[in-house]
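**Student:** The chain contents come next:
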Amino acid sequence: MLLAGRFLLPQTPQLILDSIAFERDDSLLFSGICLSLESGDVLQIEGPNGVGKTTLLRILSTALMPTAGKLLWQGSDVARHRQLYLQNIMFLGHLPGLKQSLSPTENLVWWRRIHRDHSPLKNEEILGSLGLCGYEDIPCYALSAGQQRRAVLARLLVTEAPLWILDEPFTAIDKQGVADLEALLITHARRGGMAVLSTHQDLGIANVRRFPLVASAEVV
Amino acid sequence: MIFRFDSFQHFLQMDGHGGYVWSAYLIAILVMVWLVAGPLFRQSRVRQTVTRELRRETARHHSAGEAGKE
Amino acid sequence: MGYGFAAILRRDLLLAFRNRGEIANPVIFFFIVVTLVPLGLTPEASRLAEIAPGILWVMALLASLLSVEGLFHSDYRDGTLEQLVISPQPLYLMVLAKILAHWLITGLPLTLLAPVLGMMLSLPAAGYLPLVLGLLMGTAVLSLLGAIGAGLTVALRKGGLLLSLIVMPLYMPVLIFGASAVQRSVDGFSVQGPLAVMGALLAFSLLVAPFATAGALRVSMHG
Amino acid sequence: MWQWFHRLGSPRWFYQTSGKWLPWLAGITFVLLLVGLVWGLGFAPRDAKQGNSFRIIYIHVPASFLALAGYYVMAIAGAVGLIWKMKLADMVMKSAAPLGAALTFVALVTGAIWGKPTWGTYWVWDARITSMLVLLFLYMGVMALQHSYTSVDAANKASAVLSLVGMVNIPIIYKSVDWWYTLHQPATIKFTEAPTMHPDMFHPLLVMIVGFYCFYALVLILNTRSEILHRERRSSWVKDVVLQNQR
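Residue numbers (the working numbering), protein chains in the order written: chain Y, 1 to 220; chain A, 1 to 70; chain Z, 1 to 223; chain L, 1 to 247.
Bear in mind the hints are in silico, worked out from the structure with no lab data behind them. Hints are supplied without guarantee of correctness; some may be wrong.
Below 27 angstroms or equal to it, Euclidean Cα-Cα: the simulated BS3-like pairs (lysine-lysine) are [stated by the list, open to error]: (1) Y:Lys70 with L:Lys85; (2) Y:Lys175 with Y:Lys122; (3) Y:Lys175 with Y:Lys70; (4) Y:Lys99 with Y:Lys70; (5) Y:Lys99 with Z:Lys158; (6) L:Lys175 with L:Lys116.
Heads up, incomplete: computed chain Z residues facing chain L, CB under 7 angstroms, no partners named [to be verified]: (7) Pro90; (8) Leu91; (9) Leu93; (10) Pro109; (11) Leu113; (12) Leu170; (13) Ser180.
Some chain L residues judged to face chain Y by a derived CB distance under 10 angstroms, without partners named [as the list claims (entries may be wrong)]: (14) Gln16; (15) Lys20; (16) Arg46; (17) Lys49; (18) Glu232.
Every value quoted in this text rests on a predicted model; they were computed, and no experiment measured them. Even glycine gets a Cβ: it sits at the ideal position worked out from N, Cα and C.
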């Protein structure tokens with residue numbers, strides 16, 4: 001049913017942000033954010049530090065509640081049908097939930113369990129495709145920052161969620177890693193998926209939509 | 001209704017229990033006065049800061065009302 | 001619904017196994033502080049026997065309190081907690097899984113160690129069964145209640161002392177009924193009453209505490 | 001401009017309405033407390049067993065009442081703030097915590113002073129006093145949590161959750177302390193119980209209880225007002241209020 005909904009009408013907006021505003025401790029961070037995403041869209045949120053990119057992405061992930069405005073997923077209000085929406089998103093934040101004392105394989109096994117991934121892909125294949133061949137069973141604290149980041153990206157391969165929300169996914173990874181992630185994004189978009197990401201990097205992906213986030217003028 | 005003590009002296013002493021009774025009442029009254037004075041003091045401090053800010057604003061813009069309007 | 005519960009339980013037990021040294025700490029703490037009592041008080045068996053029920057319970061409570069601080073800490077620091085909060089599965093069950101794992105690696109060992117320490121404090125023979133039964137249920141209640149405090153303080157840099165301050169008053173009923181069950185048994189009375197109340201406390205906190213903890217975690221993530 | 005500030009339960013509305021009622025409430029509170037105080041201290045008959053030390057009841061009992069009731073006020077305000085995201089309720093909750101703690105402190109100290117002539121010692125592990133002490137700990141926990149968050153919203157939400165948990169636990173804690181006390185049964189004289197009191201003693205107590213309720217409401221409103229001013233100090237209406245006062 002979910003799949004049918006996902007691919008049914010490619011040109012109707014799947015996710016709509018309807019004049020989202022966020023206020024913390026009596027000061028307004030941003031307001032009136034309106035956006036829509038269709039199947040196959042890759043959206044890049046741009047803006048200087050401190051403008052609220054992470055906050056906006058966390059609102060998209062429902063980790064934060066917007067002060068005003070609405071999120072609509074396939075036409076239904078996310079605040080009301082949160083469970084349904086959460087089944088359709090994959091959020092990777094600044095801190096992506098990698099357990100340092102576990103190896104990449106063990107982390108992957110735990111993610112597969114929690115995402116209920118039963119795809120026939122083997123753990124070694126997934127990690128190998130991300131360039132972690134030979135590092136599968138080393139505890140993550142012994143890996144470099146870039147390798148850890150790659151291990152985190154394995155998460156994107158074990159979820160069926162059509163909407164990816166990625167906060168600074170290119171941090172700490174090398175050129176090859178950037179290319180790998182871009183390839184992942186392209187494949188995902190071609191399959192009808194969507195991605196929202198924040199990065200300062202120029203993406204090597206055709207048809208990236210850009211959204212410049214500006215701070216609310218009303219901040220005192 | 002009658003006053004239960006013969007003299008003011010008696011009222012203060014309360015048959016030897018005066019110290020306890022009066023100290024209990026004194027502490028209670030002190031706490032209660034502090035409870036009322038606290039918010040009033042805080043309120044006046046906020047008023048002072050707002051006044052100071054307003055003065056600064058007027059100095060900057062020459063019109064204090066501007067900042068508050070739509 | 002249960003897969004998230006099982007996944008978290010398995011992962012937390014695996015993590016605990018990886019950091020074996022850390023999980024032994026509460027148990028060692030329990031052992032050491034109980035050893036301090038005869039040194040500070042008296043080695044006289046009759047006087048130790050008199051205070052043994054209370055001492056054992058207070059120390060078990062402190063040991064549980066010390067360990068509960070770390071319940072959500074590493075998950076908060078590496079972002080796992082955020083993932084759990086936005087997971088499509090009920091947070092209630094996932095929190096319950098974490099608490100169960102915590103109890104299995106602290107409450108249960110404390111309970112198993114208690115008879116040994118009771119012997120060292122010359123606890124009379126009648127006290128052992130209610131001690132173990134009481135601790136078995138009581139440490140679970142302590143983990144459940146402690147989780148609320150841990151959830152509320154997880155985002156704070158210095159949450160440890162604050163956690164004890166907000167959780168200790170909630171621990172009091174557990175202490176009262178747990179210690180008095182042992183005391184009553186030693187004095188030759190029936191212990192069904194206090195143990196039944198302990199069971200009721202357990203059932204009630206099983207119902208309510210994970211719910212409150214889930215709320216507390218949401219608050220911590222928003223901050 | 002500040003439209004997000006003026007949702008349900010507008011603090012501004014509360015500030016302006018409460019400002020009109022405040023002088024009346026203050027007057028009534030003052031009269032009630034004064035009458036109760038003079039009546040209780042000078043005109044109520046002395047207790048046959050305890051003598052004049054019994055007069056402490058006129059502050060001890062009302063303070064204990066409000067200490068406990070205040071916790072419920074705080075928790076319910078916290079719940080309203082959590083469920084309906086009402087800022088005013090958050091402010092009421094934040095104001096209720098130090099007020100309740102202060103009244104609990106008064107109840108404890110007056111109880112201890114009363115204990116000296118009655119039991120011969122300041123501190124007895126009596127069920128009621130112990131429960132009052134636990135209540136003080138609960139208040140202190142909420143206040144400590146409130147102060148340790150840097151974000152105001154997070155602080156309010158966290159202390160609301162904690163006070164709700166405390167509210168659920170209070171009956172359990174009280175019952176268990178009661179049970180613990182009857183188990184150990186130390187020989188003590190019981191406090192004079194209200195229902196068996198002579199009417200001449202009871203009437204001033206009633207006046208004092210009502211007076212304390214008014215006092216509680218008064219201080220709660222004062223606290224909330226100062227909190228409102230502080231949090232909305234940048235809004236235009238607060239600036240207007242300040243300007244008006246200067247004229």
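**Student:** Hint by hint, say whether it matches the structure.
**Tutor:** Hint by hint, here is what the structure shows:
{"no.": "1", "hint": "Y:Lys70 with L:Lys85", "in the structure": "holds (16 angstroms)"}
{"no.": "2", "hint": "Y:Lys175 with Y:Lys122", "in the structure": "holds (26 angstroms)"}
{"no.": "3", "hint": "Y:Lys175 with Y:Lys70", "in the structure": "violated (38 angstroms)"}
{"no.": "4", "hint": "Y:Lys99 with Y:Lys70", "in the structure": "violated (34 angstroms)"}
{"no.": "5", "hint": "Y:Lys99 with Z:Lys158", "in the structure": "holds (22 angstroms)"}
{"no.": "6", "hint": "L:Lys175 with L:Lys116", "in the structure": "holds (26 angstroms)"}
{"no.": "7", "hint": "Pro90", "in the structure": "violated (18 angstroms)"}
{"no.": "8", "hint": "Leu91", "in the structure": "violated (14 angstroms)"}
{"no.": "9", "hint": "Leu93", "in the structure": "violated (19 angstroms)"}
{"no.": "10", "hint": "Pro109", "in the structure": "violated (26 angstroms)"}
{"no.": "11", "hint": "Leu113", "in the structure": "violated (26 angstroms)"}
{"no.": "12", "hint": "Leu170", "in the structure": "holds (5 angstroms)"}
{"no.": "13", "hint": "Ser180", "in the structure": "holds (6 angstroms)"}
{"no.": "14", "hint": "Gln16", "in the structure": "violated (19 angstroms)"}
{"no.": "15", "hint": "Lys20", "in the structure": "violated (26 angstroms)"}
{"no.": "16", "hint": "Arg46", "in the structure": "violated (55 angstroms)"}
{"no.": "17", "hint": "Lys49", "in the structure": "violated (56 angstroms)"}
{"no.": "18", "hint": "Glu232", "in the structure": "holds (8 angstroms)"}
Of the numbered hints listed earlier, those contradicted by the structure are 3, 4, 7, 8, 9, 10, 11, 14, 15, 16 and 17.
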